Amino acid sequence: MKRKHTVAFIAVCAGLSLAAACGSGSGGSSGSTSGSSASFNAGMTSVVNASNHKGGVMKLALTNTGDSTDPGNTYYAFNWDFSRLYARPLLTYAPQPGAAGLKLVPDLATSLGQVTDNGLTWTYHIRSGLKFEDGSPITTKDVKYAIERSTAYAPDVLPNGPTYFKQYLADPSYQGAYKDKTPDKMGLTSVDTPNDTTIVFHLSQPFSEFDYLATLPQTAPVPPDKDTGANYQTHPISSGPYMFKSFNPNTGFTLVRNPNWNAASDPTVKQLADEIDVAYNVSAADVDSRQFTGQLSMDLDGRGVATAGRARILGNPKLKAQSDNPTTGFLAYFALDKQVAPLDNVNCRKAILDGADHTSLQTAMGGPIGGGDIATTMLPPNDTGYVKSDVYGFLQNPHGNVTKAKQDLAACGKPNGFTMNVSVRSDRPAEVSAGQALQASLSKVGIKLQIDQFPSGQYYTNFAGAPAYLKSHNIGIAITGWGADWPSGFGFLSQVVDGRSIKPAGNTNIQMTNDPQINAMLDAAAKNSDANARTKIYTQIDQKIMANAEILPIVYEKALLYRNPNVTNVFVDQAYGQFNYAVMGLAN
Amino acid sequence: MITFIIRRLISAVLMLIVVSMATFAVFFLVPRLAGQTTEQLAAQYVGRNPTPEVLHAAIVKFGLDKPVYLQYWEFLKTIVAGENYDTGTSLAHCPPPCFGYSFHNQQPVWPQMLAALPVTASLAIGAAVLWLVAGIGIGVLSALRRGSWFDRAAMSAALAGVSLPVFFTALLSLALFRDTIPLFPDAGTYTPLTENPAKWFESLVLPWVTLAFLYAALYARLTRAGMLETMNEDFIRTARAKGLRERRVVVKHGLRATLTPIVTIFGLDIGLLIGGAVLTETAFSLPGLGRFAIGAIGDQDLPEILGVTMLAGFFVVFANLIVDILYAVIDPRVRY
Amino acid sequence: MAAPLEPLGDPVGSPVEVQPTAGVGAKAIQGRSLGQIAWMRLKRDRWAMAGGIVIIVLVVLAIASVFLQKAGLLDIATPHQNLINVNTDAPTGFFGGISLAHPLGIDPQFGRDMLSRILVGAQYSLLVAFSATVLSVIIGTVMGVIAGYFGGWVDTVINWLMNVFLAFPLLLFAVALTGVVQSIPSGSAFGLSGNTLRVAVLVFVIGFFNWPYIGRIIRGQTLSLREREFVDASRSVGARSFYVLWHELLPNLVGPILVYSTLLIPTNILFEAALDFLGVGLRLPTPSWGGLLADAVNNQYYSIDPEYVLVPGLAIFISVMAFNLLGDGLRDALDPRSR
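Residue numbers (this note's numbering), protein chains in the order written: chain A, 1 to 588; chain B, 1 to 336; chain C, 1 to 339.
Hints should not be assumed to be uniformly reliable.
Claimed, not checked - Cross-link-like lysine-lysine pairs, in silico, DSSO-like; alpha carbons within 30 Å at most:
#1 A:Lys503 with B:Lys199
#2 A:Lys181 with A:Lys388
#3 A:Lys181 with A:Lys226
#4 A:Lys471 with A:Lys527
#5 A:Lys54 with B:Lys199
#6 A:Lys338 with A:Lys318
#7 A:Lys166 with B:Lys61
#8 A:Lys471 with A:Lys544
#9 A:Lys245 with B:Lys199
#10 A:Lys414 with C:Lys70
#11 C:Lys70 with A:Lys406
#12 B:Lys77 with A:Lys179
#13 A:Lys471 with A:Lys448
#14 C:Lys70 with A:Lys444
#15 B:Lys199 with A:Lys179
To be clear, the hints were calculated from the coordinates, so they are not data collected in a lab.
Keep in mind that this is a model prediction, so the values were computed, not measured.
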């Protein structure tokens with residue numbers, strides 16, 4: 001969905017051009033750019049323009065407004081990355097390029113979580129002497145309060161974020177901070193704060209990947225007396241190197257240095273630029289043009305340049321040397337809804353997988369560079385559990401296998417094909433194109449598709465995510481995309497193949513996978529503290545889904561990101577599949 | 001005169017009420033006619049976890065469960081009396097005319113529109129100055145030198161001007177004068193006038209010229225036609241017969257009579273534009289009312305849509321009112 | 001806002017004065033009707049005639065394309081991936097992939113035949129523009145005639161109604177309405193579905209909100225005609241209101257209706273293009289000119305594949321220009337004073 005993710009780009013640390021790449025993460029003190037660093041994909045394996053030069057105004061832009069600047073109320077990947085500048089979570093990912101960047105490191109906390117009680121209790125200690133922007137001390141009560149007020153418990157006020165805490169903590173009936181009647185609003189019994197630097201989480205079931213939840217911006221401290229609820233987004237009280245100076249819900253916001261932030265307490269971020277401006281609602285074409293002319297330091301969205309920008313970069317060796325092409329950890333796919341006949345028959349689903357023209361789908365998504373590599377599995381290569389496999393031979397028959405598809409149709413009892421609707425998001429040109437590409441390729445085997453376009457704001461709530469709607473409107477194929485909320489097979493699979501996660505609205509298990517075996521495997525993985533054993537389970541689930549032809553994978557998404565030569569410390573943060581915004585600065 | 005103005009004022013207010021009712025009806029009824037339930041309407045504003053409880057809370061919060069007339073009444077009340085809004089920690093009050101709180105970003109609508117208004121006003125007024133000077137000047141010259149090389153060239157250009165979609169000329173001008181020849185590198189990055197007048201000017205030159213090109217073409221055609229008609233009138237012949245100099249005849253008598261109908265059209269045009277130059281703002285990424293409106297429609301944010309439609313309607317009605325009154329003052333034939 | 005409504009301001013400025021009695025023709029040796037005189041004048045206007053010829057060609061092409069499409073000679077949907085550069089999306093061939101098989105090239109990303117797309121696009125663009133114009137003209141004429149002829153409170157009410165319509169931010173309304181109705185999926189609404197539904201919505205939205213412009217002009221014309229002797233004469237011999245309206249007034253309104261219809265069509269072509277630019281249009285892969293141009297502009301194809309921008313841009317420009325030229329010529333021909 002909105003959350004984009006991770007890359008396990010097989011990057012080897014040794015032998016990189018910059019010492020900073022795999023070492024301490026801090027570069028030299030000068031702002032000089034070494035020529036070797038400015039090459040295509042340099043930011044994938046090294047820190048480009050490593051520098052500690054201070055000053056300048058960082059100008060960032062978004063084509064929309066994002067979901068919210070409130071750390072408790074956001075599900076956008078760029079926000080999870082960017083908000084670390086003003087809202088420090090308990091843990092975060094190591095600020096290093098390559099696979100090293102997938103490692104969890106303490107941020108607000110002093111170490112990773114300590115597990116006791118057979119995996120049911122997780123304890124964190126936070127650094128002492130931390131202060132908010134107004135100079136008041138940060139305590140674990142502020143962290144507990146932040147979780148109480150987040151989307152997990154108060155979705156009526158802050159609706160946009162994830163709800164994992166409610167799912168895994170022992171007190172799921174808690175009504176959220178805003179309805180909390182206890183005097184100090186500390187009513188969430190599953191979180192204890194025995195002293196100002198200790199916080200203890202009590203889980204309802206063992207969950208071996210809980211540390212990943214501690215990286216969510218929802219764990220960034222919020223002082224209860226400064227919380228303004230729905231208005232907190234206009235000025236989140238900073239615990240990081242920058243703080244809000246101004247905010248306009250339609251045009252953007254400005255961050256300035258936070259005088260009460262102490263660099264020594266916070267090795268994962270840097271305070272280099274004097275000011276950071278974020279402009280909202282800039283047209284996509286404009287964002288790209290302004291990136292190339294240098295008026296914009298960077299595109300904040302991290303989805304990469306649009307079609308014209310891509311052609312410009314690829315046609316100009318100088319621009320190409322200033323760009324990176326990471327996989328985003330996102331899988332684009334068509335979910336095949338098993339409740340819409342004749343897709344209840346596995347052979348009819350196979351006909352779609354075999355008949356699809358994978359190259360034209362890839363082109364529709366933006367080609368090998370702008371779109372990504374043709375996908376043959378459900379798990380993207382960066383999540384744990386991915387094992388390369390291509391049971392349908394997508395790569396041998398990139399234009400589809402019409403003969404095989406016709407055999408499938410015959411086996412399904414529909415030798416002349418069938419008619420069906422496919423849904424795409426109207427405001428996403430790549431999806432609209434992919435719909436047309438599928439329509440064109442399947443018409444060759446006799447499957448007639450009609451394209452239905454829906455606004456993305458309602459796509460999951462009312463259309464593709466509403467199983468009854470799909471069924472009643474004969475929409476058997478729905479395009480969707482998914483990225484793990486954290487870089488593991490569990491982070492990817494739990495929301496899309498768990499039969500118990502099917503919902504009447506806001507459903508993300510669109511293909512309606514409800515296999516008791518898969519459900520049991522997910523439960524077993526959550527409990528298992530052996531990471532290797534978990535990984536094996538994820539692989540098995542992936543293979544089951546593909547064997548059963550429940551989805552038609554399109555591409556493992558890639559983004560073509562432009563690196564402004566004036567921006568320092570640029571590298572792809574593999575945990576987020578985009579640049580790390582927390583350490584960037586300006587050369588002048 | 002006073003009664004005339006009062007009558008016009010009452011009519012203007014009535015007109016605004018009808019505009020608001022129609023807008024409300026369209027945005028309230030059409031989605032329901034299209035088969036969306038109250039739950040589905042609420043579902044767009046509750047993020048990705050639309051559990052029944054959350055949906056119910058949203059429906060109550062936005063008042064979607066109330067009958068249509070009550071919802072409309074609430075809307076009118078917010079304009080006159082403001083509205084209270086539960087932020088979770090306190091009751092926020094937005095003073096009138098507040099137009100309610102956005103469903104989407106939970107911020108009061110009125111300040112958001114106020115922030116967008118200077119952008120659109122800068123665009124519209126700057127362009128208006130350009131097109132009035134260029135359009136009327138070219139129109140008069142064309143009329144006076146009817147059939148000349150200048151007349152033909154100007155009128156061909158004018159015809160081309162009204163035959164091109166404005167978003168096309170906008171993108172062409174950006175491609176040419178920003179990306180290829182960077183004359184205006186900051187075009188498309190709006191800077192408020194109060195912050196940096198030079199940058200404000202630079203960022204708006206291309207939008208002004210693009211928009212003015214379209215209108216200048218139109219006004220040149222109008223002026224030319226009007227001027228030709230006027231110059232054939234008897235009073236012009238009389239003026240010439242009196243021995244007035246040609247320049248005086250043209251400016252004092254001809255132009256004056258020609259401009260009267262143009263004032264009417266100008267009033268309507270500028271009123272419509274200040275309400276949101278949707279296409280130009282979209283093409284140039286200007287954060288004005290037009291873009292605000294398009295965003296509101298995209299989010300199906302009813303309070304924002306109502307607010308911006310009302311504001312746009314207000315400008316048209318207000319401009320009409322001014323034109324009517326001006327007319328009554330300058331043209332003695334108008335009965336009131 | 002501006003673009004779509006623009007040229008509509010024009011008519012208000014110089015209303016047509018149609019001479020009800022053929023004054024000029026009466027002096028000639030053989031009497032000529034008003035229509036004949038206008039036709040003679042029009043024939044002498046080379047630009048207007050050129051516009052007229054272009055329009056005829058356009059209409060013939062659009063109609064022919066319906067049959068060509070049915071015969072399978074036009075293919076708007078089949079991609080030619082092998083002719084596309086996968087990394088830039090641009091056609092690999094000369095200037096947008098022009099070849100014998102694809103005389104106007106192919107579109108970027110898919111490689112679909114542009115000639116087919118532009119011809120089929122003409123069907124929809126002209127269909128929407130014509131139908132919307134007819135709708136506006138019908139409503140506008142009926143309302144204008146009623147207001148002008150009956151006067152009094154009827155006139156006041158209709159006049160006020162027209163002002164209300166003019167106060168609507170038309171483009172916003174159009175985008176919102178079309179958007180809402182278009183999100184009705186494959187199913188149907190109001191007994192229509194698919195592209196038929198979309199065309200119907202576009203026609204309704206563009207046509208319904210535009211009628212006051214025509215209405216105002218017709219009302220003005222009716223007001224002046226009402227006081228003419230021939231209407232008085234008709235009434236004095238006991239003719240009913242309907243008879244007077246139908247047999248005396250309407251024939252005299254044909255001129256201005258014709259002129260403003262011709263001038264309204266190009267406005268509506270631009271209006272449809274604007275709606276496409278703002279993201280509401282036909283069901284894919286069905287093309288319209290506005291949709292093609294909007295696609296090129298929104299994806300910044302001008303830098304990769306200028307031909308893709310040029311073809312729909314020229315199509316719109318030429319047809320809008322042709323209608324404007326013909327409209328201007330018609331106005332001049334029907335109104336000797338405005339030359």
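Okay, the hints, checked on the actual structure:
1. A:Lys503 with B:Lys199: 51 Å, violated
2. A:Lys181 with A:Lys388: With Cα atoms ~53 Å apart, A:Lys181 and A:Lys388 exceed 30 Å; violated.
3. A:Lys181 with A:Lys226: 18 Å, holds
4. A:Lys471 with A:Lys527: 35 Å, violated
5. A:Lys54 with B:Lys199: The given pair, whose Cα atoms are some 26 Å apart, holds under the 30 Å limit.
6. A:Lys338 with A:Lys318: Not satisfied, since the Cα-Cα distance of roughly 49 Å exceeds 30 Å.
7. A:Lys166 with B:Lys61: 23 Å, holds
8. A:Lys471 with A:Lys544: Holds, because 24 Å separates the two Cα atoms, which is no more than 30 Å.
9. A:Lys245 with B:Lys199: 22 Å, holds
10. A:Lys414 with C:Lys70: Distance of about 27 Å is within 30 Å: holds.
11. C:Lys70 with A:Lys406: 27 Å, holds
12. B:Lys77 with A:Lys179: 28 Å, holds
13. A:Lys471 with A:Lys448: Roughly 17 Å separates the two Cα atoms, so the pair holds.
14. C:Lys70 with A:Lys444: 19 Å, holds
15. B:Lys199 with A:Lys179: 48 Å, violated
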